[in-house]
Every structure is written in structure tokens, then in C-alpha cells.
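Please build the complex by placing chain Y on the supplied structure of chain U, with the hints as guidance.
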Amino acid sequence: MAQTLFDKVWRQHIVKQNDDGSVLLYIDRHLVHEVTSPQAFEGLRMAGRKPWRAGAAIATPDHNVPTTNRDKGIADPVSRTQVEALDNNCAEFGITEFGLDDIRQGVVHVMGPEQGLILPGMTVVCGDSHTSTHGAFGAIAMGIGTSEVEHVLATQCLIQKKPKVMRINIEGELASGITGKDIALYLIGQIGTAGGTGYALEFAGAAIRSLSMEARMSLCNMAIEAGARCGMVAVDDTTIDYVKARPYAPEGELWRKATTAWSELHSDADAVFDRELSFNAADIAPQVSWGTSPEMTLPITASVPNPDDARDEVQREGWQRALAYMGLQAGTPLQEIAIDKVFIGSCTNGRIEDFRAAASMIKGGRVADHVKLALAVPGSGLVKQQAEAEGLDVIFREAGFEWREPGCSMCLAMNADRLEPGERCASTSNRNFEGRQGMGGRTHLVSPAMAAAAAIAGRFVDIRTWGKGE
Amino acid sequence: MQAFTKLKGLVAPMDRANVDTDAIIPKQFLKSIKRSGYGPFLFDEWRYEDRGEPGMDCALRPKRRDFVLNQPRYQDAQILLARENFGCGSSREHAPWAILDAGFSCVIAPSFADIFYNNCFKNGILPIVLDSAAVDQLFTECFSQPGYSLEIELESQTVRTPTGQTFTFEVDAFRKHCLLNGLDDIALTLAQADAIRDFERQRRNTAPWLA
Numbered sequence: 001m002a003q004t005l006f007d008k009v010w011r012q013h014i015v016k017q018n019d020d021g022s023v024l025l026y027i028d029r030h031l032v033h034e035v036t037s038p039q040a041f042e043g044l045r046m047a048g049r050k051p052w053r054a055g056a057a058i059a060t061p062d063h064n065v066p067t068t069n070r071d072k073g074i075a076d077p078v079s080r081t082q083v084e085a086l087d088n089n090c091a092e093f094g095i096t097e098f099g100l101d102d103i104r105q106g107v108v109h110v111m112g113p114e115q116g117l118i119l120p121g122m123t124v125v126c127g128d129s130h131t132s133t134h135g136a137f138g139a140i141a142m143g144i145g146t147s148e149v150e151h152v153l154a155t156q157c158l159i160q161k162k163p164k165v166m167r168i169n170i171e172g173e174l175a176s177g178i179t180g181k182d183i184a185l186y187l188i189g190q191i192g193t194a195g196g197t198g199y200a201l202e203f204a205g206a207a208i209r210s211l212s213m214e215a216r217m218s219l220c221n222m223a224i225e226a227g228a229r230c231g232m233v234a235v236d237d238t239t240i241d242y243v244k245a246r247p248y249a250p251e252g253e254l255w256r257k258a259t260t261a262w263s264e265l266h267s268d269a270d271a272v273f274d275r276e277l278s279f280n281a282a283d284i285a286p287q288v289s290w291g292t293s294p295e296m297t298l299p300i301t302a303s304v305p306n307p308d309d310a311r312d313e314v315q316r317e318g319w320q321r322a323l324a325y326m327g328l329q330a331g332t333p334l335q336e337i338a339i340d341k342v343f344i345g346s347c348t349n350g351r352i353e354d355f356r357a358a359a360s361m362i363k364g365g366r367v368a369d370h371v372k373l374a375l376a377v378p379g380s381g382l383v384k385q386q387a388e389a390e391g392l393d394v395i396f397r398e399a400g401f402e403w404r405e406p407g408c409s410m411c412l413a414m415n416a417d418r419l420e421p422g423e424r425c426a427s428t429s430n431r432n433f434e435g436r437q438g439m440g441g442r443t444h445l446v447s448p449a450m451a452a453a454a455a456i457a458g459r460f461v462d463i464r465t466w467g468k469g470e
Numbered sequence: 001m002q003a004f005t006k007l008k009g010l011v012a013p014m015d016r017a018n019v020d021t022d023a024i025i026p027k028q029f030l031k032s033i034k035r036s037g038y039g040p041f042l043f044d045e046w047r048y049e050d051r052g053e054p055g056m057d058c059a060l061r062p063k064r065r066d067f068v069l070n071q072p073r074y075q076d077a078q079i080l081l082a083r084e085n086f087g088c089g090s091s092r093e094h095a096p097w098a099i100l101d102a103g104f105s106c107v108i109a110p111s112f113a114d115i116f117y118n119n120c121f122k123n124g125i126l127p128i129v130l131d132s133a134a135v136d137q138l139f140t141e142c143f144s145q146p147g148y149s150l151e152i153e154l155e156s157q158t159v160r161t162p163t164g165q166t167f168t169f170e171v172d173a174f175r176k177h178c179l180l181n182g183l184d185d186i187a188l189t190l191a192q193a194d195a196i197r198d199f200e201r202q203r204r205n206t207a208p209w210l211a
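If you read the sequences in order, they're chains U and Y.
Under my numbering, the first sequence has 7 at position 7, and the numbering climbs by one with no breaks.
Under my numbering, the second sequence has 6 at position 6, and the numbering climbs by one with no breaks.
No lab work stands behind these hints: they were computed from the structure.
Any given hint could turn out to be false.
[What the hints assert, rightly or not] Straight-line C-alpha distance at most 30 Å; calculated BS3-like pairs for lysine-lysine:
#	chain 1	residue 1	chain 2	residue 2
1	Y	Lys176	U	Lys162
2	U	Lys16	Y	Lys176
3	Y	Lys6	U	Lys161
4	U	Lys161	U	Lys16
5	Y	Lys176	U	Lys50
6	Y	Lys34	U	Lys72
7	Y	Lys63	Y	Lys8
8	Y	Lys63	U	Lys161
9	Y	Lys6	U	Lys50
10	U	Lys164	Y	Lys176
[As the list claims (entries may be wrong)] Here are a few chain U residues that sit away from chain Y, every Cβ distance over 10 Å (derived from the structure):
#	residue
11	Gly143
12	Ile240
13	Ala269
14	Ala302
Glycine included, each C-beta is placed from N, C-alpha and C at the ideal position.
So that you can see chain Y by itself, here it is in the shape it has in the complex:
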């Protein structure tokens, strides 16, 4: 996994609440057996006028001009600014894969759905929860200032605005450690193999119908 330490990047505003993972990456793209290649289809139904299918050349597709990610000022954005309950619905990890593949490695929102939040950390994406007032402020600044960018630092758990205002955010210590170092948590769990075997041995006595 790609490590996440710090990032200074352009911000794209996704100004609607309850954005679900069906919207982030529609079902027809879930037929792929790969982890990559989802970026051009991120928010497909909102982004294009036609019905997207896997394998299409998206450069040739008619785009919805009013959709935020189609606006020239947000091209090459790396930070997605979002609203409440971002990533609700389906557990599809194709959603963070699409976000990452489209160039984003940080999502800021007042709240996230649990499974999506968890999936982000497994893919080198940092999901940041800030309170609603802070997120409102970032939206206002982002809309009013072309080229608006933020500096994110995971070590100090801070978001810094262009004027130097700083917001701090919470992140679980273990997840932070894995993300900072790009660690494979399967290897970390396998280091506990003896404890897992002990547990299984004990369970053969206490709950033999599960053995």
C-alpha cells in the first residue's frame, strides 16, 4: 500500500449529503477483476450524459458541464471535500479504488459511513472528519477562491488553509501508523499466528460445533 504522510493539493467540492457508493462507482464497473482503471468512471452517472460501460474511452463521452469534476478549475484536484455520511450504502471497495485512481488521496467530510471509512485506510486514502462548521467554511472558501488548496499532514493530524488557519483531526493510532508507513496489515496480523492458533484450540473445547 502507498504510504500517506503529507499532501498539499487542490480541493474539489462535492456539495451534497449522503453520497452513496453506487453514485461513486456504478455497478456495471464492478464486473472488473482488477483493482485499477476505475478513475475515469468515478461518479459516472453525474459526470457523463450517456450510460457508461466498462472499457469505454471516456475522453470521447459527452460530459455534463455543470458537474463539479468536469469544471476546468478542479482538474488535477487531490482532495475531495464532501458532506455528511459520505460513502454510504454498498461495501464495494471499488469506490475508494475509483477515488484513488482519479487522483484523490484525501477526503474531508463531517461524517463517513463506516465501511467506506475503513476501506479508505486500506488503500492509502486518508479520510478526515472535521466538524460541520469547519467543513462549511472550507466549502465557502473553495467556491470563492479559484485554485484553493489545503495542506494535510498526517503526523501532526492537521489541515492547513491557505491563510494558515489550522484544523486538527482525530485518527485511530493503529490506522495512522499503517498509513504513515504504508504497512500491509495482513502481515501484522500473521505475526499473531500463535495467538490465533491458541484461540482456535481453546474454541474446540468451548464451542466444538464451530470447530
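So here's chain U without its partners, still in its complex pose:
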């Protein structure tokens, strides 16, 4: 029978089918970070349990780490305690950790793929909703809570009900400068933040096949912002070329066996989906979010919407609240919105391709005078090293950006990097919720190129025409 990509990977991981329709699902890879794991390790200790397969887990601190003065350690004692708890737990339970002094340390969802820890056809979990990133490899990758982190550590399994499967086709060719991030924001704008609830998404179509692995990761990363359990892309040569020769990737005979199996990791031609949507790539312009939910997103050519135009009362109230929080007037062109801060980084856009795209927009320009802070935060120590080898750090620094150490940084502002009340930020992160980047802070989600251009212009610009006689 014809199967979807999701069905193939799902079936390969069923340990036991339960009578109520749920399954015991085997988990191949478990990524661990400092914020959602301490209570799970404590649970293991209290029950006298050990990890079922310590080698399947790998850890790095990211959410709560400083991006400056690493040599001085972590100044905030509460944050330091949490990072030290991860160090101690990994040592006690025999889990490999890339600690703060390791070049491989970084945002867990940047580090994992970079190390070849994520392979096609795997099941991947992490106590972090953006685990959906790894679906870019044709893997089933899901965010879980701390109780499930403990469950996976103890049993290497999860009890799961099979979600429905939705295929989203992006047909045709993307315009120049349109990224995985723009596709993600556009889709969420179309289907809403609950549009994917109860579904696994498969992203397909010519435009998706044309994307690099970095862009596919940005797209799958934001599947959770559409409410989906996970997002996936079929395996192709782009996937296999990316994985090849990475430190944890298989080699030799195992590599040959693996790639043969991976060539099956696509939906069969006549596979049936619970839902299928199609969009035209040519309709996707550079996106900017204007409100306090990722679905409140519009093309850069648009203006802030009027609540009177909302489709129903719930949306009207949501828009009104968002406009008040964001300090925006209906009808203001997005290109007239001035910004105070810029953040380039995160598990969505902290990879080398993102910094190359951002640097290409700077072209000798300077961060606008009224922009108080422009942060470039590489997703890992290795991304930072690569960017520096290419001279990108010099481009950022000379333009007035701060070039920082790797971590989640101002995506969620658990460390010192944050917005102050009322400050407006062009951010390459994934959530524009109230208070996400700091209490009272106002976040606009954009691609790295859009963020860099906004830093120089001091406001949002259309990168398709900016600097070309606009």
C-alpha cells in the first residue's frame, strides 16, 4: 500500500501497538539542554532509574548561557546553577555533553545536525518545541515536556497516538531572496497558529526541493508555530550531501547501507494524505510579522491591518490587543516602522547560510544611528568559527553589530540579551509573543537578510528593491 513519508518512518519505530490505538514508539536520538532536563534527571534519581541507552542522548547548554565574556563564567548565579546541573547530570548518567568550553557547544538544534547526530528516518525528541527543525532530514522530530524527557531517558520510548498527516505543496520557483523563513511565516499567516494542530506536516513541491538544508531546517523549525506535531521534508541528494562525512554520520559499508535505505524516505506517488494544501511560490514576498502571534504576518509591501477587517470577533480582539501592545496604528506601511534593536541568530536562523545572507545585505553600510543594539549570535561555536574564516565577523563588526558567543540569546531572552519595555526589534527568531524577548518588548519576525537590511536602514525595507533606486 502506498505510504506517506511520515507513515514509513512511524512504522519503522513501532515497538508495540496498543489496543487503544496508541503505540510505544522507539526514539533514536534525544537532544538535551539545561532548561527542561534538571527535573527529569531528578526524577530518574528519585526512582533509582538509569538511562536506557545513554548513547542516544547528547547534551549542550544553550538557553541560559551568556554570549559575552565566556572566560569569566556565568555571572547570574541562578543560571550558573542550572548549567552546572546539566554538567553534573551528564557526568552522573554517562551522557555526552558539549559544554560551554567546547567549540561544538551551541543552540541544540544547530549543534545536532551540524554533528551528524540527526540522520534521515530517525525519530528525534528534545525538551524543546523547536525540535521540529530536524524534520528537514526526513526524520520524525517532536518537542516534548520534561516528564517525557524523563520517560525517554528511562525507556528510550514514548507513548504516542499517530497524528494525521497534511502535505503542504509549494509549487513553482521562489523569487530571489525568498528564504525558508519567509515560506514559514507566509504559511503560518495563511493557515494560522493552530492550522497544523493534530497534524504532522510534510513540506513538498518544487520550491521545497530547491531549498538548502539550512532553509529546510528554518522551515521545519517553525512547523510548531503552526501548531503541528512535526514538519518533514523528503530525503534527496541535498539531504545526503549535507549529512555525509559529519562526525557522527555512518561511514564505509554502514554509509552505503544507510543511503540505500534513505532513498525510500519520500511519500509514495499515490500516497493519501488527511489534508493537502498547495501554494504558489511566486506569491511569497519577504515577510514581516506585525503583531504578537506568528500568524500576524504580512508581506513587506503591506500595511498594518485594521481590526475592522478581521474575519471574526476573536480575531478582531486579538488584532486590537496586538496593535496596542506593539504600539502600532492600523494603516501604517510596514516599511515606515522604525526599529530599536536587531537580533540575528536562534535555532531558526543561526546557521552559516543565515550569516552569509545577512552579511551580503550590509555591503559596507553602517547600523543606523538610532538603532541601539544589533546582535549577531552564531548558532554554534563551529558556525562562529566558519563565519570568522569567511571574514563575516569583520563585516558585522565594521557595520556596528556586536559579534557574540553562541546560544539562544535574545530569541527568548533568558540571559542578559533582551529588549526593554517598548523597544522594537527586527528579529530572525521564531516567536513574537508578548514579552518573549523581554517584558514589554516588541518583536518583528523576519529573515536574516531582512533583519540586516533593517539594521542599516533603521526601518523595515523591501530587500528586493532596497538600495536599487528605491
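Relative to the frame of chain U, chain Y by itself:
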């Protein structure tokens, strides 16, 4: 885990859609390595006028008078009535921990985000999905009747209003069983240890690069 069987409790209305887990418990409180102590910081940015930090004495902080949980009539509420897509965003289990720690053990909404919904069951919280019309009715009654309370019974899967009107809700059989009995599902999975080992043995042949 605390079992959930039945509950008769005061209802607090959280009348906005798409409430995310960043709003339920802001990031600065995620630095704790404990499971408890989050209750005073539940909805921190909506509840207080100042910026909350871990370890603060919340009794001394300036409260936003108009925020629902600050109103005297909703003190000691045990049931949170909510709107669409409650608990979206971050997977942080600190969100249900904060809800539980603040005295709530049931949340009623027309829909929940997947991860949050799942996290509730792991902590003895019952998330109930009712259709939008039913939820609208409960909001109307809750606003108009001080002291409005509901009776929840998990065994019969019912929500009963003060007038005796009853709504039934769906809940997965396995989750219901665990919640009714306060079961630790890790122990249940470990009872399948042989099946897990068999699976791993088989995989060493079929997918040796994953072994």
C-alpha cells in the same frame, strides 16, 4: 503523580484566544531546577505591574487590578476556563507546573496546543475540550454569576453546571486510566522492557547505522 477523579471548584475565566506558554510562565522563571514554586508567577506579566524575577515575594508586588486572577471573586479558583489554542508555543512543562501550583487542576477550552495538552496529563491536570458554543455559555455564566463553580467527573467524563446541565467530553482511554489512578507511565513502559529489547535487536540488523 496526584490522581484526578472528581472536582467541584470555582471557575476563573481567561477570556483570550491563543494564550501561549511564554505568557503562562515567562522565561526568567525557567532557570529553576525544581518542579514547584511557580504558582505565584503564573501569568506574571499580566498579573503584576513590575518585572518579575525568581525569588521575589509576590505578596509585596504591585498587581494589575484589572487582571482576572487578581479579582477577589476568583481567589481559590480550581478550574481555568480558556479559549482556543490554549498553551501554544514553547514545550515548557513549567506552564502546567505553574497552573497546578496556583491551585488549578482542570483547564477547559475549545482547543489546546498538542504539547501543553500532553504535559497536563503528566501532572495530574485534566484538560477538557468542549465545543465553542459550550465554552461560550460557560464564559457567560461565569461572568454573570459570582461564585460560579463546576463539577467535573473524570470517570463519567462529564462537566456539570450549577443548574444541573451536563456536558460530556472525550478523553483518551489510556490517559484517563493513568490520571484516575495517578499512575507513573514510566513504570508501565518499563513493564514492556522485553519488547523494547527485541525491537533494538531487530534494528541492529535492519538499520545497523542507528544501533
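Each hint tested on the structure:
| no. | hint | verdict |
| --- | --- | --- |
| 1 | Y:Lys176 with U:Lys162 | holds (18 Å) |
| 2 | U:Lys16 with Y:Lys176 | holds (20 Å) |
| 3 | Y:Lys6 with U:Lys161 | holds (26 Å) |
| 4 | U:Lys161 with U:Lys16 | holds (12 Å) |
| 5 | Y:Lys176 with U:Lys50 | holds (28 Å) |
| 6 | Y:Lys34 with U:Lys72 | holds (26 Å) |
| 7 | Y:Lys63 with Y:Lys8 | holds (28 Å) |
| 8 | Y:Lys63 with U:Lys161 | violated (42 Å) |
| 9 | Y:Lys6 with U:Lys50 | violated (35 Å) |
| 10 | U:Lys164 with Y:Lys176 | holds (22 Å) |
| 11 | Gly143 | violated (4 Å) |
| 12 | Ile240 | holds (13 Å) |
| 13 | Ala269 | holds (24 Å) |
| 14 | Ala302 | holds (21 Å) |
Hints 8, 9, 11 from the earlier list are contradicted by this structure; the remaining hints agree with it.
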